[in-house]
Amino acid sequence: MAFTTPSTGFSAAQALRAQAAPLRSRTNRRLAQLAESVPLAWESLAANRMRSLLTMLGVIIGIAAVIAMVTIGRGAQTQTVNQLRSLGSNLLFIQSGVATTGSPASQGAGSATTLTWEDAKAIASASSAVAAVAPVLNRRAQVVYGDRNTSTFVVGTTPDYVTVRDFLPLSGRFFNTDDLLRATRVAVLGQTVVDSLGLNAESALQTTVRIQGEPFTVIGTLEYKGVTAFRDMDDQVLIPLTTMASRIVGVNAISGIALDAISVSARQPEQMEAAEFQITNLLRRRHGIQPPKQDDFLVRSQADLVSASTSVAKVFTALLGGSAAISLLVGGIGIMNIMLVSVSERTREIGIRRAIGARSSDILQQFLSESVVLSCCGGLAGVSLGVVASALINHAFGWRVGMSLDAVLISLLFCMAIGVFFGSYPARKAARLDPIEALRST
Amino acid sequence: MLQLDHIGKVYQVGELEAPILSDVNLTILRGEYVAIMGASGSGKSTLMNILGCLEPPSRGRYYFDGRDVTSLSDNERTDLRNFRIGFVFQQFNLLSRLSAMENVMLPMVYAGYPRRERQVCARRMLERVGLGERLDHLPSQLSGGQQQRVAIARALVNQPELVLADEPTGALDTRTGQEVMELISQLHQEGITIVLVTHDAAVAHRAQRLVRIEDGQLEC
Numbered sequence: 147m148a149f150t151t152p153s154t155g156f157s158a159a160q161a162l163r164a165q166a167a168p169l170r171s172r173t174n175r176r177l178a179q180l181a182e183s184v185p186l187a188w189e190s191l192a193a194n195r196m197r198s199l200l201t202m203l204g205v206i207i208g209i210a211a212v213i214a215m216v217t218i219g220r221g222a223q224t225q226t227v228n229q230l231r232s233l234g235s236n237l238l239f240i241q242s243g244v245a246t247t248g249s250p251a252s253q254g255a256g257s258a259t260t261l262t263w264e265d266a267k268a269i270a271s272a273s274s275a276v277a278a279v280a281p282v283l284n285r286r287a288q289v290v291y292g293d294r295n296t297s298t299f300v301v302g303t304t305p306d307y308v309t310v311r312d313f314l315p316l317s318g319r320f321f322n323t324d325d326l327l328r329a330t331r332v333a334v335l336g337q338t339v340v341d342s343l344g345l346n347a348e349s350a351l352q353t354t355v356r357i358q359g360e361p362f363t364v365i366g367t368l369e370y371k372g373v374t375a376f377r378d379m380d381d382q383v384l385i386p387l388t389t390m391a392s393r394i395v396g397v398n399a400i401s402g403i404a405l406d407a408i409s410v411s412a413r414q415p416e417q418m419e420a421a422e423f424q425i426t427n428l429l430r431r432r433h434g435i436q437p438p439k440q441d442d443f444l445v446r447s448q449a450d451l452v453s454a455s456t457s458v459a460k461v462f463t464a465l466l467g468g469s470a471a472i473s474l475l476v477g478g479i480g481i482m483n484i485m486l487v488s489v490s491e492r493t494r495e496i497g498i499r500r501a502i503g504a505r506s507s508d509i510l511q512q513f514l515s516e517s518v519v520l521s522c523c524g525g526l527a528g529v530s531l532g533v534v535a536s537a538l539i540n541h542a543f544g545w546r547v548g549m550s551l552d553a554v555l556i557s558l559l560f561c562m563a564i565g566v567f568f569g570s571y572p573a574r575k576a577a578r579l580d581p582i583e584a585l586r587s588t
Numbered sequence: 135m136l137q138l139d140h141i142g143k144v145y146q147v148g149e150l151e152a153p154i155l156s157d158v159n160l161t162i163l164r165g166e167y168v169a170i171m172g173a174s175g176s177g178k179s180t181l182m183n184i185l186g187c188l189e190p191p192s193r194g195r196y197y198f199d200g201r202d203v204t205s206l207s208d209n210e211r212t213d214l215r216n217f218r219i220g221f222v223f224q225q226f227n228l229l230s231r232l233s234a235m236e237n238v239m240l241p242m243v244y245a246g247y248p249r250r251e252r253q254v255c256a257r258r259m260l261e262r263v264g265l266g267e268r269l270d271h272l273p274s275q276l277s278g279g280q281q282q283r284v285a286i287a288r289a290l291v292n293q294p295e296l297v298l299a300d301e302p303t304g305a306l307d308t309r310t311g312q313e314v315m316e317l318i319s320q321l322h323q324e325g326i327t328i329v330l331v332t333h334d335a336a337v338a339h340r341a342q343r344l345v346r347i348e349d350g351q352l353e354c
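These protein sequences, in sequence, are chains A and B.
For the first sequence, the numbering used here assigns the number 147 to the initial residue and increments by one for each residue that follows.
For the second sequence, the numbering used here assigns the number 135 to the initial residue and increments by one for each residue that follows.
I should point out that these hints are in silico values taken from the structure, not numbers from a laboratory.
Remember, it's a predicted structure, so these values are computed and weren't measured experimentally.
Possibly wrong hints are sitting among the right ones.
What the hints assert, rightly or not - What the simulated footprint calls covered on chain B by chain A, stretch by stretch (three residues with Cβ under 8 Å from a Cβ of chain A suffice, anywhere in the stretch; the number is not a length): (1) 150-163; (2) 185-193; (3) 225-231; (4) 267-275.
To be verified - Chain A is faced by these chain B residues, among others (derived, beta-carbon under 8 Å): (5) Phe221; (6) Gly246; (7) Asp334.
Note that the Cβ used here is the ideal one computed from N, Cα and C, for glycine as well.
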């Protein structure tokens with residue numbers, strides 16, 4: 147018989163029990179159990195390894211997507227800012243005016259051509275804070291070489307464009323003052339145009355391309371600039387402003403050549419505001435604009451463009467992050483689903499635990515710990531995956547967007563919140579089970 | 135120690151009311167060994183659940199050690215089960231994923247004992263029921279009689295004053311059933327109040343006092 151031992155076992159245990167009173171204080175009891183609930187939850191999740199893993203997958207993908215998308219957004223933002231900076235330093239853009247003719251509604255910058263080459267020359271000679279001035283007259287036009295053609299931006303400008311916009315020829319040369327005065331048919335091609343015409347930087351030189359049917363000799367190609375928030379800076383053809391006005395656009399303003407815009411570089415970064423002030427005053431005087439009348443031009447600095455495109459990029463980042471967050475939400479619903487299954491599978495276990503002394507809050511805590519452990523494990527895995535994905539994205543695009551620690555921490559906190567939020571309904575369901583009903587279930 | 139005062143229990147099944155217990159009066163003294171006998175469906179398990187504070191009665195009062203259980207909160211009833219009552223079920227009701235040790239430790243977890251003490255007590259209890267060699271076995275690795283002994287160890291680990299045994303031998307063969315009954319008698323001799331539910335006369339006759347239940351009413 148198994149029970150031949152004298153009954154000293156009980157009395158010994160009794161003596162031991164008498165020494166150490168149980169932690170009847172509710173907080174102590176709760177704290178002690180919290181510390182143990184995590185390994186217990188882990189064990190119970192490990193018992194259903196495949197299921198736990200699949201459930202976590204939703205959170206893993208969600209978190210990884212959020213981190214990767216935010217990296218893409220921030221990368222694109224830095225990229226844009228860098229490219230805007232590379233356009234040239236201390237830049238000011240003067241756009242041809244806001245139309246005010248008759249209609250009280252503004253038609254936006256560029257809707258009327260009010261700037262002329264004379265204005266550009268006046269700015270260059272009269273504004274002390276201005277280093278160089280490049281007048282710009284654009285048209286989208288067809289460029290043909292042999293049997294290839296491409297639609298691109300044809301920009302009529304002056305040799306100062308090189309200084310203002312910080313463009314250097316990759317091959318050949320830029321046109322000079324002589325070309326400008328004689329309105330020669332020479333063109334400098336951006337690299338995108340060179341590629342679309344099936345040429346390269348060297349082979350393009352001295353070929354003849356047709357722009358709107360007019361033959362032009364290619365005398366140079368431009369260095370790469372990349373894509374800004376607005377357009378591909380390499381998808382353009384530069385020709386002398388005079389040629390542009392007489393051959394391509396074919397319209398002369400009343401006083402000289404009408405322009406779409408003027409690019410200006412200030413002498414010093416500190417002189418940007420001075421330059422803007424001088425230009426505004428000069429143009430108002432030249433255009434006869436008195437206070438009640440609106441300016442028929444718009445002066446914007448590079449900083450304005452940077453902040454405009456930065457805010458665009460921020461919206462972009464938020465959209466990307468937001469759509470990734472939806473997948474995180476779906477992951478959370480997956481957790482809720484599997485926790486509900488788990489509660490109904492373990493109804494009997496809940497009944498047994500309740501019968502031998504688990505309070506309903508103990509059951510709540512047990513299931514809540516499981517969902518939080520589940521979501522946090524998913525979160526950790528998701529963060530790791532997201533960091534790897536970000537590294538790959540950085541590598542692929544040549545960016546250097548670092549992972550911020552707060553993004554990781556926020557993700558993890560968010561995961562914990564998801565675990566609590568989506569786990570609380572199943573856990574409450576478990577806690578509210580009637581002990582007897584639960585014990586009776588099979 | 136236990137006093138049932140005009141206890142009635144009615145189950146609501148849709149529109150119908152199914153009376154399980156009607157007007158049960160029963161007093162059990164400290165240290166008694168009482169067997170409740172009845173056919174299946176006689177309401178003996180429901181009576182057991184009410185005694186074990188697992189289920190509230192529909193009518194009447196139930197006093198545990200002078201305290202009116204029917205007026206206690208869920209948490210207070212839970213603590214009564216935890217600290218003062220030990221349960222032994224027909225189907226053992228061990229948690230299949232936990233070892234014998236962990237199963238026995240469970241009531242102490244909810245009582246809030248520190249881990250070390252839980253281990254010491256659970257080990258002693260299992261040694262006491264003759265399973266000192268099988269501490270780390272899972273229930274599925276133990277025979278029925280061994281599982282029931284683990285369940286008894288679990289019922290005893292928080293030093294209850296009352297042990298409720300619901301058909302403790304129902305799922306066991308005669309020999310292991312006898313071993314388990316032997317152990318329960320021993321607990322009684324050590325001063326623990328025992329209430330046992332069974333339909334087996336041989337089992338019931340080990341008790342000091344026999345209470346028959348039929349159609350929800352006691353015949354003393």
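Status of the hints after comparison with the structure:
For the stretch 150-163 of chain B, the proposed coverage by chain A is not satisfied: 0 residues have a C-beta within less than 8 Å of a C-beta in that chain, short of the threshold of three. Proximity of the stretch 185-193 of chain B to chain A, defined as three or more residues with a beta carbon under 8 Å from a beta carbon of that chain, is established by the 3 residues found. Only residues whose beta carbon comes within less than 8 Å of a beta carbon in chain A count, and the stretch 225-231 of chain B has 4; three or more means the coverage holds. With a threshold of 8 Å between beta carbons, the proposed coverage of the stretch 267-275 of chain B by chain A is violated, since 0 of its residues qualify and at least three are required.
Hint status for Phe221/B relative to chain A: holds, with the closest Cβ pair at about 6 Å, below 8 Å. Proximity of Gly246/B to chain A holds as hinted, the smallest CB-CB distance being about 4 Å (cut-off 8 Å). Hint on Asp334/B is violated. Least Cβ distance to chain A is approximately 20 Å, over the 8 Å limit.
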